[in-house]
Structure formats: structure tokens, C-alpha cells
Amino acid sequence: MRLRAHTYRLLWEAHAWAGAVASVLLVGMFLLGVASLFRHELVPWQEPRLRAPVAADEPRALATLQAWLDARVGRDGPSTLDVDLPAPYAPWMRLEWRAAGGLKQAVWVQPATGEEVPERSDLGYFLFLAHFLYPLPGGMAVAGLVAVVLLLVVGTGLIIQLGRLRRELVRFRPREALRTVWGDLHKVLGGLGTPFQAVMAWTAAIICLNAAVLQPVVVRTAFQGDVDAGLQTLGYPRGAKPSGQAAPAPRVAAILDRAREALPDARHYRFSLRNLGDASAYADVRGLARDGLAEFTTVRVAGDGRLLHVRRAGGPSASAKLLEGAYVLHSGLYSGMGLRLAYALLGLFSALCVVTGNLVWLERRARSMRRVDVALARLTAGGCGGAAFAIAAVFLANQLLPDALPLRVEWEHRVFFGAWCASVLGGLVYPRARGWARWLLGLSGAVLVALPWLDAWRNARRVFDPAGSPFVFFVDLGLAALGAAFLLSAWAIGRIAPHDPDGARVAPLGVPAHEGR
Amino acid sequence: MSAAGTRARPGWRWVLAAAVGAPLAALLASLALSAVVPVSPDLRYLVACVAVAPLMAAAPCAALLARSEARAWAGVALTGCVSLLLLWRALP
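Keeping their order, the protein sequence lines are chains H and Z.
If you count the first sequence from 1, position 34 lands on 34 in our numbering, and the numbers rise without skipping.
Just add 1000 to wherever you are in the second sequence, counting from 1, and you've got our numbering.
In case anyone wonders, no lab produced these hints; they're calculated from the structure.
Please note that a few of the clues may not be correct.
Residues on chain H that point at chain Z, a partial pick, calculated with CB under 10 Å [stated by the list, open to error]:
no.: 1; residue: R9
no.: 2; residue: P53
no.: 3; residue: L103
no.: 4; residue: A106
no.: 5; residue: V109
no.: 6; residue: Q110
no.: 7; residue: L151
no.: 8; residue: V218
no.: 9; residue: T221
no.: 10; residue: Y236
no.: 11; residue: A240
no.: 12; residue: S469
Every beta carbon over 10 Å from chain H, so not counted as near; a handful from chain Z, in silico [to be verified]:
no.: 13; residue: R1013
no.: 14; residue: L1016
no.: 15; residue: L1031
no.: 16; residue: S1068
no.: 17; residue: G1080
no.: 18; residue: A1090
Quick caveat: nothing in here was measured; it's all calculated off a predicted structure.
For each residue, glycine too, the CB sits at the ideal point set by N, CA and C.
When you get a sec, could you build the whole thing from the sequences and use the hints?
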């Protein structure tokens, strides 16, 4: 099948412009997505005190939690509390609540001794949230729009390659002109990654647009404004409001037993306790029970032990199954570590595909850069390199910020966004766009490669030690590999593109009616 | 405007229709679908979730491939107005 020349040109321009404009966020979201795939495994790395195993069985841990609740509920304790039970990657319990003024409080509690320490870092979870731009105002809606742009880019890319896809998949000519090299690499990466990118784009759009736009409106249009009916459809009905009657802390061991009776095959990992200190207190016991693309369960148990609601994996309705399936598919939760490693590789390839697409776009204009082209080149160089730099910076901040620093967790977030913004601004003022991108990538790579040694020195352990915590060992390997990939990218940019296109006065290359090369 | 047999290269107003108008109209159309499809509320929600991303991604291409800038804007306006009307009637 061959497109008409005009159609081909328009779709090529749409593909190129949409990709270039969204490239900074796309590269950032792909890199953050790769990191957040391993957010649980990152926990012992970001919280060194969790690396040592704890000799406490489940009854002991629940007794410790019960003592914590009994000491606080009805006095100065929170009315809402989330508790992550001990897991292989985190043998301590994590408790989170909102203090007066809405400030988030999180502590780790040692399940055997009850020792309580404030949370030092939420690095993995923050990277996961940043992947969806959640920490930014309106970020989820923007992330949804970026996902739609990615779907457009993938769709138009597929259409303009129709009839040539098989040939383009295996063609790479590193000794040809620069435009050809970038073009070949872009087509190989794009062709191989198309199914992955299309799935990521569609599922991300469903996740983000649903949360930001669809849900508030569809509750009015499809459910006639009945919020409870909408929540019931998803399997998460609204809980009871406080009754005003005081009550002691609920018995967490009994609640967990009741949840296990209701869903014996699920792995129950979290209590979401609500209305604590009130007679209407209840707990949502979150669980995991893999069933194809369905995963998440919830058992709601009243404070007095009555079973209130059971949500099986996938939820009760078609829309619940779609939303959960989209999330599970997007996160690679439907299989094991092998799939997540494949996702990580495909995510890195996708980021590289976006960058090479940008380079093709710039090479076409290299002979006569207009102001808008120069500005976009600088913005994308600073933004794409800055995404790598921000990730390296937040990992470095995790190591170097003092543990006693007030609002330490928030400071890590500030370092991340500050580094990304500074990179973009630096790109706008630095004389050469690619030179700036090369600096950023080189610096990010050097920091990431050095991090395992820094952590080993700070925690008095051997680096790359398979006899120590397996989580720390594999995070060390992952950081070193990612750093090496960034260093290789910096070397490649310097090697393949020694000059920035800025002076020539020849007309830019047009988009061919059909790309021949 | 276009000469016989060929079409004009999109100007900035045409690009505006494709980049802003068309996705917005597609979003409104997805929301309107959830108000009018004659199925259960759950399936209406499902239809909106499934349709929104492909519609928003395809709409800019459709606007760019329209025969003229006027037709692109007319499509955006027609889709947007019909969707808004349906939403207005459906909202409680």
C-alpha cells in the first residue's frame, strides 16, 4: 500500500511535530517508567535500615501494630491510617497518615521491637508518581494528553511506514549520512517497539484521562450524578461516615483473619484504616491475587469484625476490569521479573526512539535553522538530557541529604524537579544544544555509575556484593547499567554529531513524497 | 485555497484546528458517547474509556487531511456543538 504524496507529507509532519513537541515529557516519562518498574526493589536501597532481615513472624508484627494503635487511637492519634505490612523487600511496617494541617507523616515500625523511625525517603514511590506527572498541578491530565500524542505518533509512524515495515526493521547503515543513520535507528527502534509503545500509550491515556477528566463527567452522564453508584461499579464503595461515638482501636489480627476467610488466595499486604477512634471504624484490607490482567482485591471489615464488602481481582464490572487491566498491562504486573526487565529494555529503547526521531527532525532542518527550530532543539536537548540528569540527581540526593534534615522527603522531590528545570534553562542559554545534552548525559551517567560505590562506602558494605541484600545487589547493577547507557549515549552524541547545525543558509530539506532511503 | 487536484499546505489556523480544536472535540464526543449509548451505565463508562484515546489521537489527523481549512474547522465545530448539546441534555 502506498499513500498519496500529500497524505504522506501531512502525516510525516504531524508525526514529526507531535513527537518533537512532546519529546521532553515522553523521554522523561519513559525513563521514570523504567525506574518505577522496580520501585519496590528500590526500598531497601533508599532506606538502608531495611536491608537487615527481621526475626518477627506475622502474629508478632500484628501485635506490635496493635500496640501502636492502642497507644494512640482515641487520644492524639490519626483518624485515617495506611499500614503496609512487612514484605520481602521491606521487613519493617510502614505507617502513613495525615497530620493536622494535612501534612503527610510516614514512619517505619520495626515489627519485633516496635522501634519507630521517620521515613527517610520515598524515592521509588516518588519516581512512580512522577512517571504520571502526578506531583505537578494538573499533571495527570497533562500525562494523559502526552499519552494521546504518543498514540498519534505511533499511529502516524505506522501508517507512513506501511509497505516498508519489514525492510526498515532490519536496515541500519552507520556509515551513511547523519540523517540516514538517525533515520535508520529511529525506524528500527520504532518498528520493533511499536506494539509496546502503542500499548503503553493507550493504557496510559486510559489511566490518566480517566482519573483527570472522564470519571468526574461520566459519573454525571452515565450514573446520573450518583457518585456512590459509580464507585460501586468499580468495586470501591464509599465507606461510612464517622458516627461521633468513641470506640477503641480495631483488632487488626481479627480483621486480617476475616479478610483471609473472604479471599484465601489473595496476598493481603495493606490495611487502610478509616474513622479510627469512632464506632464506625473500618479497614480496607488490600490484597493481590493475580488472575490474568486482574490483580487487586479489597476486603472491607468493620471495626467490630463484620465483613462489609469483598472486591475480587478485576472488580465487579466491565469498566472496573478495563481500568484494572489497563493498569496491570501498563505496569507489567501480569507476569514476573523477566517481563519487567523486558519492559525496562523496551522503555529505554522507546526513549531512544523519541530522541532519534528528534535528531531526524533537526537534521532535516540543519541546513537552515529558523528561530523556532533552534529554540526547540535547545529545549529538547535540555529537557531530554535533563530527565536523565534529574533521575541521577534524586538518587544522589538520597545518598547525600542529611537524615536529620527537616522535610527530607520533600527535599528529594525538590532536587528532582529543580535539576530538570535547571537543565532546561541551561539548554536555552548554553551555546550548543547537543553539547549541553552531552554534558547532561555524561554527568548523569558518571553519577549513576558512582552511586553503588558511594552507597557501599556510606553503609560500610562491599559493592556489588551478592552475599548481601539481593535487592541492593540488583539495584547496584541496575544503576551501573543505566549509568553506562547514559555514558555511551554521551559518547555517541560527541562521536556522531561533532557540530551543531546553526550557520548554514541553505533551504531546509523538504519532506519527500515518499522516503526513498 | 487549493488548486484543482491538489490541496493547500496547512497554515497556522489549520494547524490550530488540528492541534487544539480536533482533540477537544474528540474529548467532548467521547464524553457525549457515555451519555447517549443505549446500554447500562457500566458499559457507557467502558465505551468512554475505550474510545477517548483513539478518538483524540485520530482527530488531529482527520483535521489535517480535511480538504480545506474551512472543512477542518466545520468538522471541529459540528462535532463539538453536537457533543455539547448531548452533554447538556444528559447532565442532571
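Evaluation of the provided hints:
Taken as an interface hint, H:R9 checks out: its beta carbon lies about 8 Å from the nearest beta carbon of chain Z, inside 10 Å. Residue-level restraint check for H:P53 is violated (minimum Cβ-Cβ distance to chain Z is 43 Å; threshold 10 Å). Of the supplied interface hints, the one on H:L103 is violated, with its beta-carbon coming no nearer than about 34 Å to a beta-carbon of chain Z, more than 10 Å. Checking H:A106 against chain Z by beta carbon gives a least distance of about 32 Å; that is not within 10 Å, so the hint is violated.
This hint is violated: H:V109 has a C-beta 39 Å from the nearest C-beta of chain Z, more than the 10 Å allowed. The interface hint given for H:Q110 is broken, as the beta carbon of that residue sits about 43 Å from the closest beta carbon of chain Z, more than 10 Å. Evaluation of the H:L151 hint against chain Z yields a held restraint, the C-beta minimum of about 4 Å falling below 10 Å. Of the supplied interface hints, the one on H:V218 holds, with its beta-carbon coming within about 5 Å of a beta-carbon of chain Z, less than 10 Å.
With 10 Å as the threshold, the beta carbon of H:T221 comes within range of chain Z, its nearest partner Cβ sitting at about 4 Å, so the hint holds. At its closest, the beta carbon of H:Y236 sits 14 Å from a beta carbon of chain Z; the interface hint therefore is violated under the 10 Å criterion. A distance limit of 10 Å between C-beta atoms decides the matter here; for H:A240 the minimum to chain Z is near 24 Å, and the interface restraint is violated. Given the 10 Å rule on beta carbons, the hint for H:S469 is violated: about 40 Å separates it from the nearest Cβ of chain Z.
The claim that Z:R1013 is not at the interface with chain H holds, since no C-beta of that chain comes within 10 Å of its own (minimum 15 Å). At roughly 13 Å from the closest C-beta of chain H, the C-beta of Z:L1016 stays outside 10 Å, upholding its exclusion from the interface. Once the 10 Å rule is applied to beta carbons, Z:L1031 is inconsistent with being away from chain H; the minimum gap is 5 Å. The Cβ of Z:S1068 lies farther than 10 Å from every Cβ of chain H, with a closest approach of about 13 Å, so its non-interface assignment holds.
Every C-beta of chain H lies more than 10 Å from that of Z:G1080, the closest at about 15 Å, which supports listing it as non-interface. Not every beta carbon of chain H lies more than 10 Å from that of Z:A1090, the smallest distance being close to 5 Å; the non-interface claim is violated.
Hint violations for this structure: numbers 2, 3, 4, 5, 6, 10, 11, 12, 15 and 18, all remaining hints satisfied.
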